[in-house]
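Asker: Here are the chains, one letter per residue:
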Amino acid sequence: MAKSKTTLRYEFLKGLWDENPILKSLLGLCPVLAVTNSAINGLAMGLATTFVLLSSSIIISSIRNLIPNQVRIPAFIVIIATFVTVADRFLAAFFPLISKDLGPYVPLIVVNCIILGRQEAFSSKNSVFRSIIDSSGMGVGFILVLVALGGFREILGSASLFGVTVLGDWFQPWLVMILPGGAFLGLGIFIGIANWINDRRARA
Amino acid sequence: MKLILLFISAAVVNNFVLSYFLGICPFIGVSKKVSSAVSMGMAVTFVMTITAAVTWLIYHLILVPANLEILQYVSFILVISSLVQLVEMFVKKISKPLYDTLGIYLPLITTNCAILGLALFAVLREYNFMESLVYGIGAGAGFSLAIVIMAGIREELELAKVPKPFEGAGITMIVAASLALAFMGFAGLISV
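Residue numbers (my numbering), protein chains in the order written: chain A, 1 to 204; chain B, 1001 to 1192.
Just chain A, with the same shape it has in the complex (with noise of 0.2 angstroms):
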């Protein structure tokens, strides 16, 4: 295993920011687009898809070596899909409106990127432990990215944070950060910055 030198301090820290599975790599953009209207439906859907990658990657890293290698991807898709089945019915049993708010983007977890991108480069090479620790990095960079573009689109295009009014009646809300073009707008300005911030560093 070529791994085995980098800390495991390392293998979590990597996916807030060196590898970062939205500003680095750009993987699994539909959600972070989609539901990032405002801050609490961001972090519902980062804890959701956190969850499905979380549980993949410990049962798929404890059978890697019973998957013939022809098959792995279908055979990490159906356990994915299985995952998201589950976090789709607990959704809708205990938290309704968020489920509401969400639709369809909830099944659509299966086919997140992030998710078979790190089953077939980390956890069907790595043991279960480090599987853990990468999937758990992946998933809080994850939602780290979710929840604040979640808020800086909920400020601008309502004037409020987690559903409670933070800008006073001075504020005109920009309607267009909550609508399509400001997903866009908004996961733009962000990947621009998180490129100027790594530049300042590169350099320094």
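Treat the hints as calculated values from the structure; they're not laboratory data.
Values in this document were obtained by computation on a predicted structure and should not be read as measured data.
A hint or two may mislead.
To be verified - Anything over 12 angstroms on all C-beta distances counts as not near chain A; from chain B, calculated:
#1 Ser1019
#2 Ser1036
#3 Ala1053
#4 Ile1062
#5 Ala1066
#6 Ile1094
#7 Phe1129
#8 Met1130
What the hints assert, rightly or not - Now the in silico label distances, taken between C-beta atoms and shown as ranges:
#9 B/Val1064 with A/Leu13: 45 to 51 angstroms
#10 A/Phe90 with B/Gly1029: 29 to 35 angstroms
#11 B/Glu1156 with A/Gly168: 31 to 37 angstroms
#12 B/Ile1070 with A/Ala148: 46 to 52 angstroms
C-beta: ideal position from N, C-alpha, C; glycine also.
Starting from the known structure of chain A, arrange chain B on it as the hints suggest.
Answerer: Showing chain B alone in chain A's frame:
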């Protein structure tokens, strides 16, 4: 008449890419050149049309009678991945030139969320068979339209001076934002 409205609604008013954010990965990844964008659009439309028909049959003829709606995600994704595989083999056998044009984009369609999204939306909105089929064609046409416009803009962008941190994905997103705004102009066309 209803079918025509449905087609227009799926293609421009509720464009899959620009208002549902489905299929963003190929939209960003394969929109550097107009020619490859056209191929991708064709491939997606092709698969979408077949998927719409097949998943409708599976859902209404197998899952509903057997009371197994809970299995819809698992069965849809399996159907889509095997369908893409089948389409790939079929196209290779029937028309080699078309296969060469579509190239690697065919297998990549499995992970395109627009396809699964299409199947789920069709179930959610309780379309009948014809409606699902038209919805599939319309969604495919909308995807092709969006990706080809995007590729056209990006070819011009190559010559523009973009601030360095925004090069690549950043500016693409911001261009997509203005496209999405433009497409919102269609919203008054139909109230679906």
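Asker: If a hint holds in the structure, say so; if it does not, say that too.
Answerer: Against the structure, the hints come out as follows:
no.	hint	verdict
1	Ser1019	5 angstroms, violated
2	Ser1036	18 angstroms, holds
3	Ala1053	19 angstroms, holds
4	Ile1062	17 angstroms, holds
5	Ala1066	16 angstroms, holds
6	Ile1094	25 angstroms, holds
7	Phe1129	20 angstroms, holds
8	Met1130	22 angstroms, holds
9	B/Val1064 with A/Leu13: 45 to 51 angstroms	47 angstroms, holds
10	A/Phe90 with B/Gly1029: 29 to 35 angstroms	32 angstroms, holds
11	B/Glu1156 with A/Gly168: 31 to 37 angstroms	42 angstroms, violated
12	B/Ile1070 with A/Ala148: 46 to 52 angstroms	34 angstroms, violated
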